[in-house]
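Asker: Work the whole structure out from these sequences, hints included.
Protein sequences appear in the order of chains D and W.
Per our numbering, the very first residue in the first sequence carries number 1; after that it's consecutive.
Per our numbering, the very first residue in the second sequence carries number 1001; after that it's consecutive.
Derived from the structure by calculation, the hints contain no laboratory data.
Be aware that a few hints might be false.
[Unchecked claim] If you only want the chain W side, here are some residues facing chain D, beta carbon under 7 Å, derived:
1. T1003
2. L1011
3. A1046
4. A1096
All C-beta atoms, glycine included, are put in the ideal place defined by N, C-alpha and C.
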Amino acid sequence: MSVIAFAGAAQFAAVGYVAAGLSWPAIGLLTFLLNARHILYSAALAPWFRGRSFVERAVAAHLLTDEAFALSIAHFRRVGRFDAIGYWYGAIVTTLIPWNVATFAGVMLGDAIVNPQRLGIDVISPAAMGGLAIGLISGRRELAAAFGGAAIGVAASLVSSPTVGIIAGGLFGPLVGLLIPPAQAREVATIGSPESAGRYGVPRTPGSATSDARHEDRSR
Amino acid sequence: MSTDLVPLAVLMFAVTYPSRAIGLLNPAIDRLPRRALEYLQLVGPAVLAALAATQVMVAPRDDRWVFVVGLPWLSVLACLVIVAWRRSLFVGLAAAVAIAIAGRAAGLP
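Answerer: Now the structure itself:
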């Protein structure tokens, strides 16, 4: 399952759904909802994949997870451009392989761990997600989006369920971030410029040489 | 090893892959206005923060979801502080796990 679906939290949930006797269409629907956040990840990564082949993007999509997204987009922002090796390294070496090795270890040794909570295993996932979010915060807008996403996510979870809460937080959290005026966020870079790449994570576009030159003039 | 879950895995792939591919394989994404691109670049912090918060602050109880306060808050907070300070997720995770182990050994919930 870890290789075919590679769906992280949805895999845990699916096993619970099967144990609870849910029908397959219901499992499919719940899995779709649980992974609907990938729509946002995919859209956010797409500008960086501009010009890449269809096959490369199709394979990249299969390996798109929370971790692969956060690691790769942070890397792209750092270097200011798409970096194929950076994406595949983040998606395969640091995510796909460890996930499958750990899954296998869990299948083999899981019964030996009577109480995973005593080993602190339950805090790894939220701590990792929070840590990855910190890695993407480079200004007040991102900070506001993170706080907004967390608050909305928790509120919606209490009203409905965490599945809905995560989607709500992901959809509306960025709107909270956009409420921060650009001046306060110090986001004044011309799109396509190195500044813009750093602040917005927007990849350089053809014809950005003009804005690059302008940036260099300003910094002199 | 049982292969009973392979059909389930295929089903999960079938319902998961489209959401992963819709953005990456859609050429219209390239023509989004700047405001939409700004929105998309804030998606990461928002989704990941929502994931973290819901995992530590919401738990099932009596067929409903309730707000909970507990040791995982401290663990995750320590991780966030360390990642912000040292830029090391590995050290942050190690600290979070160590706090959880120590806290539970001390009888904290």
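Asker: For which of the previously enumerated hints does the structure constitute a violation, in increasing order of number?
Answerer: Hint 1 alone not satisfied by this model.
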